[in-house]
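Trainee: Chains A and B, in that order, are what the protein sequence lines are. Heads up: the first sequence begins at 218 in my numbering, then just goes up one per residue. Heads up: the second sequence begins at 5 in my numbering, then just goes up one per residue.
Source of the hints: derived by calculation from the structure; they are not laboratory data. Fair warning: there could be bad hints in the mix.
[Unchecked claim] Covered stretches of chain B (chain A as the covering partner; in silico rule of three or more C-beta atoms under 8 Å from a C-beta of chain A):
# : segment
1 : 7-14
2 : 182-190
[Stated by the list, open to error] Computed cross-link-like contacts, EDC-like style, restricted to lysine to aspartate or glutamate with a CA-CA straight-line distance of at most 20 Å:
#  : chain 1 : residue 1 : chain 2 : residue 2
3  : B       : Lys278    : A       : Glu340
4  : A       : Lys347    : B       : Glu173
5  : A       : Lys354    : A       : Asp277
6  : B       : Lys191    : A       : Glu286
7  : A       : Lys326    : A       : Glu340
8  : A       : Lys421    : A       : Asp303
9  : A       : Lys287    : A       : Glu242
10 : B       : Lys377    : A       : Glu230
11 : B       : Lys16     : A       : Asp303
12 : A       : Lys421    : A       : Glu441
13 : A       : Lys271    : A       : Glu230
14 : B       : Lys229    : B       : Glu240
15 : B       : Lys377    : A       : Glu286
16 : A       : Lys268    : A       : Glu232
17 : B       : Lys140    : B       : Glu249
18 : A       : Lys287    : A       : Asp277
19 : A       : Lys354    : A       : Asp380
20 : A       : Lys345    : A       : Asp303
21 : A       : Lys268    : A       : Glu340
22 : A       : Lys243    : A       : Glu230
23 : A       : Lys421    : A       : Glu442
24 : A       : Lys354    : B       : Asp142
25 : A       : Lys382    : A       : Glu340
26 : A       : Lys345    : B       : Glu249
27 : A       : Lys243    : A       : Asp277
28 : B       : Lys377    : A       : Glu242
29 : A       : Lys398    : A       : Glu230
Beta carbons are placed, not taken as given, at the ideal position from N, Cα and C, and that holds for glycine.
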Amino acid sequence: MLELVNVCKSYKEKEVLHNFSMKFEKGIYGLLGPNGAGKSTMMNIIADVLKPSKGDVLYDGVSIYKLKEKYRSHIGYLPQHVGYYDNFTADMTLEYFANLRGVPKKEYKERIENVLKAVNLSENAKQKVKTFSGGMKQRLGIAVALIANPDVLILDEPTVGLDPKERINFRELLRGLASEKTIILSTHIVSDVEDIADYLIFLKNGNIVLSDSTDNILEKTSVEEQYMKFFGEDIV
Amino acid sequence: MGYEIRKLWGNKIMLLGLLVLIFVSLYYGYENINSNLPEYVNMVDEAYKGKYTEEKLERLREKFANANQGEDEFFMYLSVCGEAEKCNNILEYRDSIVKAAKRLKKSSDTYISRVNSRIEKIYEDTPQLEIVEPSKFDRIVGMVRWQFVEDIISIMLVIFVASYIFTLEHGVNTHKLVFSSSAGRLKTYVRKIACIVGVAIGISIITHVCICAYCVVSGDSYIWKLPIQYYGEYIEAPYIISLLEYVIVTVVLKAIGLIVIGICSAVVSLWFKKSIIPVIISSVIMVGGYLLCSYNANYSPLGESVIQSRYERYIMFKKYTCMGLINNSGYYTERYMPVNVFDYPVDMVYVNIFINIIFVVAVAYAGYIVYRKRDR
Numbered sequence: 218m219l220e221l222v223n224v225c226k227s228y229k230e231k232e233v234l235h236n237f238s239m240k241f242e243k244g245i246y247g248l249l250g251p252n253g254a255g256k257s258t259m260m261n262i263i264a265d266v267l268k269p270s271k272g273d274v275l276y277d278g279v280s281i282y283k284l285k286e287k288y289r290s291h292i293g294y295l296p297q298h299v300g301y302y303d304n305f306t307a308d309m310t311l312e313y314f315a316n317l318r319g320v321p322k323k324e325y326k327e328r329i330e331n332v333l334k335a336v337n338l339s340e341n342a343k344q345k346v347k348t349f350s351g352g353m354k355q356r357l358g359i360a361v362a363l364i365a366n367p368d369v370l371i372l373d374e375p376t377v378g379l380d381p382k383e384r385i386n387f388r389e390l391l392r393g394l395a396s397e398k399t400i401i402l403s404t405h406i407v408s409d410v411e412d413i414a415d416y417l418i419f420l421k422n423g424n425i426v427l428s429d430s431t432d433n434i435l436e437k438t439s440v441e442e443q444y445m446k447f448f449g450e451d452i453v
Numbered sequence: 005m006g007y008e009i010r011k012l013w014g015n016k017i018m019l020l021g022l023l024v025l026i027f028v029s030l031y032y033g034y035e036n037i038n039s040n041l042p043e044y045v046n047m048v049d050e051a052y053k054g055k056y057t058e059e060k061l062e063r064l065r066e067k068f069a070n071a072n073q074g075e076d077e078f079f080m081y082l083s084v085c086g087e088a089e090k091c092n093n094i095l096e097y098r099d100s101i102v103k104a105a106k107r108l109k110k111s112s113d114t115y116i117s118r119v120n121s122r123i124e125k126i127y128e129d130t131p132q133l134e135i136v137e138p139s140k141f142d143r144i145v146g147m148v149r150w151q152f153v154e155d156i157i158s159i160m161l162v163i164f165v166a167s168y169i170f171t172l173e174h175g176v177n178t179h180k181l182v183f184s185s186s187a188g189r190l191k192t193y194v195r196k197i198a199c200i201v202g203v204a205i206g207i208s209i210i211t212h213v214c215i216c217a218y219c220v221v222s223g224d225s226y227i228w229k230l231p232i233q234y235y236g237e238y239i240e241a242p243y244i245i246s247l248l249e250y251v252i253v254t255v256v257l258k259a260i261g262l263i264v265i266g267i268c269s270a271v272v273s274l275w276f277k278k279s280i281i282p283v284i285i286s287s288v289i290m291v292g293g294y295l296l297c298s299y300n301a302n303y304s305p306l307g308e309s310v311i312q313s314r315y316e317r318y319i320m321f322k323k324y325t326c327m328g329l330i331n332n333s334g335y336y337t338e339r340y341m342p343v344n345v346f347d348y349p350v351d352m353v354y355v356n357i358f359i360n361i362i363f364v365v366a367v368a369y370a371g372y373i374v375y376r377k378r379d380r
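The shape of chain B in the complex, shown without the other chains (with noise of 0.2 Å):
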């Protein structure tokens, strides 16, 4: 693997791609521990905490309903909408839950005993509605839920690397000295895709780091241990895990997708043998993804939002493949969320890696027979 690496540092496309992504990622980073609306914060907070109540939510909307003419009183106006339907949302949500507890109880699985018990302490007490700026922690996981560019700068250097390991060989002539080498045509696949697999690995980590880098540099290192459950969306999480857990869950639950995407990337091209086929397929979805996002978020191939609430009402495809897994690699740990299989409740998250790790190990030994009777 390491000499696949080595064929790769040497590509200006590629070295460019890693810097664009690690610029980008540490300015969204810096951009958003920054930014900061003490004023608007203070003020909503003075006027409105305290036990939510219907009448407080709608003195809010009311308050902020033509809030929208700048850019801040507009972000607060939002901010703080969506913190009290949340707790709106919550009783409604804690209501079925439980109701569906009852039955589930009713089974051995540990895992659903654990939300249940989890469940039911969350909501022993009434929802405070507490407006406060947000905090570090806050920002670190709305950072990590959020990372449209990213993924997209992400995707598209897993394409172009998948890619262009697989068809290096052919483009200087070197495949024939390789074949006929005694590691031959599996050993030779198997590095390749080793390679994809590190680099989608890496691209992962690196992504993370560079945008949680500068909260690190500037202290408070004692949020990485808080649980989870202090992000407001996250009070219903079935998983108890602390921050820097949640940030590595979300790492190598985009990392299976990105491994996903670049070995179908890699079969694709050695199908044409030409790195750019696949480089062009996924521009064309990423641009065309985009221009009907701007149409429809619901079009979109990372859409927002795809897991996290109104998942049921979700297409197979965004619920099923990898495209999940990369944009809403966050949101599979902000609340169980169970989909019957054989009639028997499962978390999605489960469902979907066991999906994507079928069809990735399918696409790859595809791979290996094009590659094994490629120029034979």
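Isolated chain A (complex conformation) (with noise of 0.2 Å):
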């Protein structure tokens, strides 16, 4: 289980998240907000990418911190435009992420395999990243972010690029992940999300607005209406 506690981060005199708790099981946690919420920030921290200011992170109770490369191994994390390496191809691509993330050797092949086909890029294996489109980029990122076989799945913003049948093949993807993982994924389009998480969290200027679970939220009005009310303003 992970769990922030009172996690804040600042940036100079400019306060971007602000004491930040919550926990997160098995399923699907869906982050909403505008741009400049602080959505990437959270995502940066329990990625360890990046520091808190201040409060902690932790991992089945304990600092992530102190467990340090045992606790990124249990991370897949797919940033916000991600670009890659331009002369590698796609499988080079995963084969050089399994060993930053640790997968024993023998079980890149097959690793490998798998992830392609689940994003549906195992005709493009020998391609050179270069010659990708954004949408294939974007899919070869989700296939880095499950590489490794995480506990933990960190998306920021994932569908970006993405045509309407890869969002779709890619929301089945995460419907059929979520019963093993945590699934954070972070997103400014709430179609993306109303569909398939559990929960939900609404972020703007850096405090959470409202945390609660998809189904109840939908009880008492729809998911859009709920984000308009939250960030009419900010989208005109």
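Hints in hand, dock the two standalone chains.
Mentor: Written as structure tokens, this is what we have:
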């Protein structure tokens, strides 16, 4: 189980995340908010890329800053706007990240084949990444996040660049993984999460304005209406 | 490390730099082995060979005093006078070393004892003045000693590679993926440093292999086993090593110098998050240094003969930094060059290697602190 305890993050004078506390169990957590709400900062903190100014992140009750690489071996991360090494092929890219994420060498081939199949890139395995479209690169990013079969999957705006069919495939993929993993997915597109997320967190200016199970939210109103209620003025 | 090399492999600038280095080194090797001046050599040898005397030296000087109209004649004049003056220097050098050796003999240090016995053996006979066309052996040593253009290309290439490898992830925004992996920042950093070390060693090996390639292909493999003392200026060499060992020592020293330069560049590029910064800094130093060198050779950052003979006159910067290891890697085995450390004579190459290794470890550690805290 992953837990954020009073996490704050400031850059000089500006506080971008304020006293964020949350427990993440198995299932899909949708993080909603406009640009600049603090979603990516929170994702980076969970992925151990950023360190909080205050507070702690616990994994199974132990600080991730004590666990270090042991914790990182349990996570898969897809950052926003990520690029890859142009001269690498798709399978070489996956092999590289499998190596970085501590996957045993004898398992490379099987894992690479599985994740490429999951994101529908099997036929492009030997193709150089520089020839990929935006959507293909995004799917490759999802494959990279999945390569080490992580317990915690952190996906920052994963559907950017995907066409409608790919979005549906992606949602199906996440649904299949949700029973055994903690999936934290940030987006500002409501439709990405309202069908699949078990839990929704609305972030605004670094503060949680609403966090509840999707079922509870849907009992009162639609997710989109809630979104407009909190962020309508920001969208305009 | 293999993955870091693969990342580099797709970089066109790096590949172009490597091709230029290979071409320049191959051309340099071919051009030097092929050049010969048999007519001049035979003529001078007939007239002056035999025992060295002051009178002979004077006649040589008079004969070639005005022989600077034609390039070949001028080259010959320089060569002959160089040889003759070297003979003169040997006598003085022998006296000073033997005099010092009497004091040093009291030391139990095996190295100094070895040097002393070597020097005593060498100076049993009066030097002979023999004018011959430089042999393949001489030319290889000459080429290995003097690699000004190759050194500049090597340094620029290492600086580019080191900067590129440390800023690539930030350029394509992959650093977050790398930092969040279980390998983490320390292992990634170590792999990148190992890649720089590998590239520096590779560049040093490639340069020397290309320089010697034509000579190897054209036969005479026996020369690689001859002792370095066969080369005139190495007659005082304290190390009894073969030509092949001499080349290997040069490769290692140059590689250490390139590693130091590479790691310093990596840290600078890490600091600025831009690979172009160390490339610009080094370009300014190299071009500026070259222009200064044209004005006065002593100002060159890759100054020739920095340690060769008048080493005590050179400034600390040249003496103890990696520039000496790169550009003067071939000179360290030329003669015994002691420096005093706590009133105890230590061979300068050891001092230089030690200082550079301490320096580079400190720089690499500082770089790791920057890398660890970057984007946190």
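Trainee: Now look at each hint and say whether the structure bears it out.
Mentor: Cross-check of the supplied hints:
With 5 residues bearing a CB less than 8 Å from a CB of chain A, the segment 7-14 of chain B meets the requirement of three and the coverage assertion stands. For a cut-off of 8 Å, the count of residues in the segment 182-190 of chain B with a CB near a CB of chain A stands at 7, and the three-residue condition holds. With a CA separation close to 36 Å, the supplied pair lysine 278 of chain B and glutamate 340 of chain A exceeds the 20 Å bound. For the hint pairing lysine 347 of chain A with glutamate 173 of chain B, the CA-to-CA distance comes to about 15 Å; that is within 20 Å, so the pair holds.
Restraint check for lysine 354 of chain A and aspartate 277 of chain A: the C-alpha separation of about 33 Å exceeds 20 Å, so the hint is violated. Our distance criterion of 20 Å between C-alpha atoms is met by lysine 191 of chain B and glutamate 286 of chain A, whose separation comes to about 10 Å. With a C-alpha separation of about 15 Å, the suggested pair lysine 326 of chain A and glutamate 340 of chain A falls inside the 20 Å cut-off, and the hint holds. This hinted pair does not check out: lysine 421 of chain A and aspartate 303 of chain A have alpha carbons roughly 36 Å apart, beyond 20 Å.
The straight-line distance between the Cα atoms of lysine 287 of chain A and glutamate 242 of chain A is roughly 19 Å, inside the 20 Å bound, and the hint therefore holds. Under the criterion of a C-alpha separation no larger than 20 Å, the hint pairing lysine 377 of chain B with glutamate 230 of chain A is consistent with the structure, at around 19 Å. Taken as a hint, the lysine 16 of chain B and aspartate 303 of chain A pair is honoured in the structure, with Cα atoms around 12 Å apart against an allowance of 20 Å. Between lysine 421 of chain A and glutamate 441 of chain A the CA atoms are separated by roughly 15 Å; this keeps the pair inside 20 Å, and the hint holds.
At most 20 Å may separate the alpha-carbon atoms for a hinted pair to count; lysine 271 of chain A and glutamate 230 of chain A meet this at roughly 14 Å. Taken as a hint, the lysine 229 of chain B and glutamate 240 of chain B pair is honoured in the structure, with Cα atoms around 18 Å apart against an allowance of 20 Å. Restraint check for lysine 377 of chain B and glutamate 286 of chain A: the C-alpha separation of about 16 Å stays at or below 20 Å, so the hint holds. At most 20 Å may separate the alpha-carbon atoms for a hinted pair to count; lysine 268 of chain A and glutamate 232 of chain A meet this at roughly 13 Å.
A hinted pair counts as satisfied when its Cα atoms are at most 20 Å apart, and lysine 140 of chain B with glutamate 249 of chain B qualifies at roughly 16 Å. For the proposed pair lysine 287 of chain A and aspartate 277 of chain A, the alpha carbon gap of about 12 Å is at most 20 Å, so the pair holds. A hinted pair counts as satisfied when its Cα atoms are at most 20 Å apart, and lysine 354 of chain A with aspartate 380 of chain A qualifies at roughly 12 Å. Proximity of lysine 345 of chain A to aspartate 303 of chain A is assessed by CA-CA distance (about 7 Å); at most 20 Å being required, the pair is judged to hold.
About 39 Å separates the Cα atoms of lysine 268 of chain A and glutamate 340 of chain A, which puts this hinted pair outside 20 Å; it is violated. Distance hint between lysine 243 of chain A and glutamate 230 of chain A is unfulfilled; the C-alpha atoms sit about 35 Å from each other, more than 20 Å. With a C-alpha separation of about 16 Å, the suggested pair lysine 421 of chain A and glutamate 442 of chain A falls inside the 20 Å cut-off, and the hint holds. A distance of roughly 57 Å separates the Cα atoms of lysine 354 of chain A and aspartate 142 of chain B; the hinted pair therefore is violated under the 20 Å criterion.
In summary, the hint linking lysine 382 of chain A to glutamate 340 of chain A is supported, as the alpha carbons are separated by about 18 Å, within the 20 Å threshold. Between lysine 345 of chain A and glutamate 249 of chain B the CA atoms are separated by roughly 44 Å; this puts the pair beyond 20 Å, and the hint is violated. Pair hint lysine 243 of chain A plus aspartate 277 of chain A holds up; C-alpha atoms about 12 Å apart against a cutoff of 20 Å. Pair hint lysine 377 of chain B plus glutamate 242 of chain A does not hold up; C-alpha atoms about 30 Å apart against a cutoff of 20 Å.
Between lysine 398 of chain A and glutamate 230 of chain A the alpha-carbon distance is near 36 Å, which puts this suggested pair outside the 20 Å criterion.
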